[in-house]
Amino acid sequence: MNAAPSLLREAPAVPERRRAELLAALAAVLPPEMILSRREDVTPYESDGLAVYRARPLAVLLPRTEQQVAAALRVCHRLGVPVVARGAGTGLSGGAMPHAQGVVLSLARFDRIVAVDPVRCTAVVQSGVRNIAVSEAAAPHGLYYAPDPSSQIACTIGGNVAENAGGVHCLKYGLTLHNVLKLRGFTVEGEAVEFGGDALDAPGLDLLPLVVGSEGMLAIVTEVTVRLIPRPPLACCIMASFPDVESAGAAVAAVIAAGIIPAGLELMDKRMTAAVEDFVHAGYDLDAAAILLCESDGTAEEVAAEAAHVSAVLRAAGATRIERSRDEAQRLRFWSGRKNAFPASGRISPDYLCMDSTIPRKRLAEVLRAIEAMEQTYGLRCANVFHAGDGNLHPLILFDANDPDQLRRCERFGADILETSVALGGTVTGEHGVGIEKLNSMCVQFSAAERALLGALKRAFDPGELLNPGKVIPTLHRCAEYGKMTVRRGLLPFPHIPRY
Amino acid sequence: MSTTVHEDAALARLVDQVRGAAADGRALDIRGGDSKRFLGGARRGEPLALRELAGISSYEPTELVVSARAGTPLAELQAALHAAGQHLPFDPPCFAPGGTVGGMVAAGLAGPARAAAGGVRDHVLGITLLDGRGDCLSFGGQVMKNVAGYDVSRLMAGSMGVLGVILEVSLKVLPRPQAERTVVLDAGEAEALALMDGWRRRPLPIQASAWHAGALWVRLAGAGAAVQSAAALLGGRPLDGGADAWAALRDHRHGFFSAAEAGAAPLWRLSLPAGTPPLGLAGEGFVEWGGCLRWLRTPAPAQAVQAAAQRVGGHAWRWAGEGPEAERLAPLNEVLLRLHRQLKRAFDPQGIFNPGRLHPAF
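For the protein sequence lines, the chains are W and Z, in the order given.
Counting the first sequence from 1 gives a position; this note's numbering is that position plus 19.
For the second sequence, counting from 1, position 310 maps to 307 in this note's numbering; every step adds exactly one.
The reader is advised that the hints may include incorrect statements.
Listed next, with one range per pair, are the computed distances between beta-carbon atoms [to be verified]: (1) W:Thr84 / Z:Pro296: 41 to 49 Å; (2) Z:Pro296 / W:Gly161: 56 to 64 Å; (3) Z:Arg308 / W:Pro362: 47 to 55 Å; (4) W:Ala70 / Z:Arg199: 40 to 48 Å; (5) Z:Ile53 / W:Ala392: 28 to 36 Å; (6) Z:Gly221 / W:His300: 35 to 43 Å; (7) W:Pro362 / Z:Glu324: 52 to 60 Å; (8) W:Gly161 / Z:Val309: 22 to 30 Å; (9) Z:Glu43 / W:Ala392: 53 to 61 Å; (10) Z:Ala72 / W:Ala348: 49 to 57 Å; (11) W:His300 / Z:Ala212: 52 to 60 Å; (12) Z:Ala72 / W:Ala392: 44 to 52 Å.
The hints are simulated quantities; they were obtained by calculation from the structure and are not laboratory data.
The structure displayed is predicted, hence computed values, not measured ones.
Glycine residues also receive a C-beta, built at the ideal position from the N, C-alpha and C atoms.
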């Protein structure tokens, strides 16, 4: 994060003539109610879920049809105006933060479920459809859409595609990419394009994995064909307490070593357990240093066998208390704390910053110890939830945004966690995306040549760099500046890692 | 991703050869085990041999990740996984001894478990590659979830080497199923397709299915109890040869694939949406992937085969047999073709890697 990240990015005086030209050209292709340009109308769009980074766009467009999207893109392309696509704005990395000289292209009105096909086991949905609505539409057929990011009641499929969103069931059921067959949308020039297909492969290069997770920088997606899977007849959750994070981390490895791939495997540390217990009263063990939640799903026979196996493995790994959900209500109660970890953190702190790094699972205890040391270094508290099965860590740094010094320390704390994760063999983002938040951390994870290739790849789709410019790929200059800043802090890089 | 590959002397030679070829604009023909030489467009250019860049660089079963250099024999990787009770869930084919890990990713072909377990791409976690400038680049990593930057590593799966030279790859692996069992049912093609359509939406542990000449094979895999109850539900009889019969099908040693005489009709690979009824094309067929993959040996003209697949939302690829190169693959539309060309330039500005191997245009 650079010098003054948290200030509202005012448009550096866009010439009034240019602004007028843009609005007139858009008015020629979109009805007036689909163009917001007054200050008070565009202000609600100035950030996404990462509200500390804001910018006010020239206009917000709310098209309803593909023709309108294509026409708006053609106008912006002709006039060289940046376009930032937006779903529900729940993203946590500033990926949908507007461009001060650009427009926001909201796909919120693309909210139609086009078709649910119970024979193919697919659903065709517009990109503004909410994640949970897909599973609701598929439910009468005994099917569902597996990826379940914690914001699933609000976030859209289009946003999930942009971020390659995950959730708590990824280890067994995969990420968004693994559950999407086809994307329909438009190039920056406004030409219709499809990636993937209705079959299991498509001719040519497989561009689907490139566009999924591209944070709105390669194309605008208007329609998504997702894979639906049969809902398992039964699910059961096992909750286990551990006296220290080391044994909890070892228990995760032991479950996998036993040949078990649970439907979900989540870890919460003591601070997080206390925060959520206060909020949801799920009956968590408040004395445990860490709690593991392990879900089994399948037929009744499968669940019975797997749950017994998991319990035995966890007991052997040193669990001090093991509880198995007796019924659906109790299973949901066990999960309620994990699912409410973010709002519960909002109750114990005025603000929190949710980080999202992934590490090799075996480094879990190490990274948690490093974070503990950072709490001292930066004088801030941190609560941890962890998609333990995937090695995806979500430290929540607690701070008060009204105190500029706390915000600064919080940002450094976050960057330190990301750099530590890279040093431990991990990555700066597991499922939230780079957006604007992790641009500096990209300098740490990728070499100049690798960043240059990412840039060339971007220009292969978008030669003028108009789609969500300034996100994901840091400039050389930015990385050079960040390098200096890291040295200026007067510390060795990664001071928390033991050196041999 | 890995420092080991960067330190390799074999890598230094590859870098020199790539830089030399780029300077002179010479085509390179990337070779692993040469087990898929029949696949794709005609090969040209000077061989770039990957066999020396071999070996499993890291494997920790509890991390569910294995990293191996491109020239590692696939059989060696599979043996290491097998010893730890794990496997590559996508069940990759091996058409001749000596097939390599790099070739497996570059060809992007999955075996009978594709519909249930996902494809090669779905299991790629990270890659180290040489681009057309001779720069050694790493994308992705050894962790399950990673959205830092565009997903270059998965783009490499099925790219047939046209974007860069795969040096090392990290793959997600899984425990082998506790139980496995195949049942065979007697059914005509339409009936077999209808049965598979009905099973798709039910929580059955079906890991693979195949139909040929009146017999529908169904491979069940998973927890013992689930396999047993599904086998009872499906009925049928056991498959002669069991796992070996599936391997023969996967590796195209089954008579349908291997017994073609000289001058036989071309073999087409049709990738179709689930739920597609029989296409009614002349010739002999073989169905896999719950109906999503159909092999067809047919004398029908290429245009007729291509059109039949496209009509239902799929595509056809002439896998083997004579015919004009332009008719081998379903054509890319104008927009996709432009994106392909621009991507090719981004990775390989001089166009030196495997020209024409994936597509005649680049």
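These are the hints, each one checked on the structure:
With their beta carbons about 45 Å apart, threonine 84 of chain W and proline 296 of chain Z fall inside the hinted range of 41 to 49 Å. Checked against the hint of 56 to 64 Å, the pair proline 296 of chain Z and glycine 161 of chain W fails, with Cβ atoms roughly 43 Å apart. Our hint of 47 to 55 Å for arginine 308 of chain Z and proline 362 of chain W holds, since their Cβ atoms are close to 50 Å apart. A hinted range of 40 to 48 Å for the beta carbons of alanine 70 of chain W and arginine 199 of chain Z is consistent with their spacing of about 45 Å.
Judged by the Cβ atoms, the range 28 to 36 Å given for isoleucine 53 of chain Z and alanine 392 of chain W holds: they are separated by roughly 35 Å. Hint check: glycine 221 of chain Z to histidine 300 of chain W, Cβ distance near 39 Å, so the stated range 35 to 43 Å holds. At about 58 Å, the CB distance of proline 362 of chain W to glutamate 324 of chain Z agrees with the hint of 52 to 60 Å. The beta-carbon spacing between glycine 161 of chain W and valine 309 of chain Z, approximately 25 Å, falls within the hinted interval of 22 to 30 Å.
Here the CB-CB span from glutamate 43 of chain Z to alanine 392 of chain W is close to 54 Å, well matched to the stated 53 to 61 Å. Separated by about 51 Å at the C-beta atoms, alanine 72 of chain Z and alanine 348 of chain W satisfy the suggested range of 49 to 57 Å. The hinted window of 52 to 60 Å between histidine 300 of chain W and alanine 212 of chain Z holds, with their beta carbons roughly 57 Å apart. For the hinted restraint 44 to 52 Å between alanine 72 of chain Z and alanine 392 of chain W, the CB-CB distance of approximately 46 Å keeps it satisfied.
Hint check: a violation occurs at hint 2 only; the rest are consistent with the structure.
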